[in-house]
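Those protein sequence lines, which keep their order, are chains G and E.
Mapped onto this note's numbering, the consecutive letters of the first sequence carry residue numbers 341 to 551.
Mapped onto this note's numbering, the consecutive letters of the second sequence carry residue numbers 341 to 551.
A hint or two may mislead.
Copies of one chain are not kept apart here, so a pair can be met inside one copy or by any two copies together.
DSSO-like, lysine-lysine: derived pairs with alpha carbons at most 27 Å apart [what the hints assert, rightly or not]:
(1) Lys476 - Lys396
(2) Lys533 - Lys396
(3) Lys534 - Lys476
(4) Lys477 - Lys533
(5) Lys534 - Lys477
These are calculated hints, taken from the structure and not from any lab test.
Computed from a predicted model, the values in this text were never measured in an experiment.
The chain contents come next:
2 protein chains.
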Amino acid sequence: MKADGSILSLALKRPASSARQSTRDRILAHAADIASRDGLEGLTIGRLADDLSMSKSGLIAHFGNKEGLQLAAIEFASEVFVREVVLNVLDARRGIERLNAMLDAWLHYVERSVFSGGCFFMAASLEMDGRPGPVKKRLQVATRWWFDALADEIRFAVRARELPSNTDFTQLAFELHAFAQESNWGYQMFGDKKWFVRARASMAARLTIEK
Amino acid sequence: MKADGSILSLALKRPASSARQSTRDRILAHAADIASRDGLEGLTIGRLADDLSMSKSGLIAHFGNKEGLQLAAIEFASEVFVREVVLNVLDARRGIERLNAMLDAWLHYVERSVFSGGCFFMAASLEMDGRPGPVKKRLQVATRWWFDALADEIRFAVRARELPSNTDFTQLAFELHAFAQESNWGYQMFGDKKWFVRARASMAARLTIEK
């Protein structure tokens, strides 16, 4: 697995998260899970201390304040996304094959409820969108990166003539991204996995070239 | 304007909200705005009392507890949605014309930021999806009603041969609903109105019959 010029492969530059689960990782796993369910604002030093039977002062030593904790939880969730989604698809051949692998891995990640509240980033971005600051900025970077990685792969597929030459790649990225987010919303709201079936059907329809 | 058998026209059975802004409406307008921005969990009797310079006991007399306040805010937001979106399109001829009017009014409602945090229902549903109870139930009913109203109008258009006879109306409703929610997400997150342009382009492409 190596950098291949794709936006996706930029994830390889991030520090790999150690397999050994350190105390810090254990704290952040719980923190990200709380945030996916009850929001980043529901994530407080006091609640985390209670849940994990740790001292508040110990947590403050790790993360500083609530904002530091929120930012660390976002970093942790980004690492999980890289491990669960990105690393599974970097071996796929660039173009339509990798694009399909990205969408499939993404839907599987949401469907398996890696975080108990569904997609960490969708929940967090809808919560924080009205609150400018470092936390919103970090969420913008993370979500934009994934959107751009999808558009980048579509562009590659168009140049490789795997998709029609008149494909508007940002528009297609918008649609594929919309289908995945909609299935996360529908599944979280109504608890029915058919939302993922719908997303897959719409994605497949959009990526099938009519001959 | 009259009931015409559409799911949409069921909104007419709801009590019309009075044009005169009562104290209760003034309180709830502020409450729904807080909730759209900071979440239903950010909506507390204490905060509302501070913001509006009212006594907590007065608010408790109106709404009971926090859950009563949350439910009242959802009712209020539903009435706003009916007034801003539904009532504007019930005069449109049923079928593709009304479907287009529904989508257009919906996007305008989000784009104009009727609530300062964007679409009240998308924010609230992603916040409350992990918390079973009366509030989540009310949000399920409200969001499902709108989804079903879209599917109902698509079905009508298919029967009127305005859309291809093999159209899967739930699948098409899924896609149109996804584009609107995605544009709300993108606009709230990145502050760029081109997200609505994208949603409109994708909707138009899906509703144009290829001849």
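Checklist entry - With identical chains treated as interchangeable, where does the CA-CA distance between Lys476 and Lys396 reach 27 Å or less: within a copy, between copies, both, or neither? => result Answer is within; shortest intra-copy Cα gap is 25 Å, inter-copy 32 Å.
Item to check | 27 Å Cα threshold - placement of Lys396 relative to Lys533 | outcome: neither (39 Å within a copy, 43 Å between copies)
Item to check | Within, between, both or neither: Lys477, Lys533 at alpha-carbon 27 Å | outcome: between (32 Å within a copy, 18 Å between copies)
Checklist entry - How do Lys534 and Lys477 come out at 27 Å by Cα distance, when the copy is not named: within, between, both, or neither? => result between (33 Å within a copy, 19 Å between copies)
Checklist entry - Between copies, within a copy, both or neither: which fits Lys534 and Lys476 at Cα up to 27 Å? => result Answer is between; shortest inter-copy Cα gap is 20 Å, intra-copy 31 Å.
Comparing the model with each numbered hint stated earlier shows that hint 2 is the single one that does not hold.
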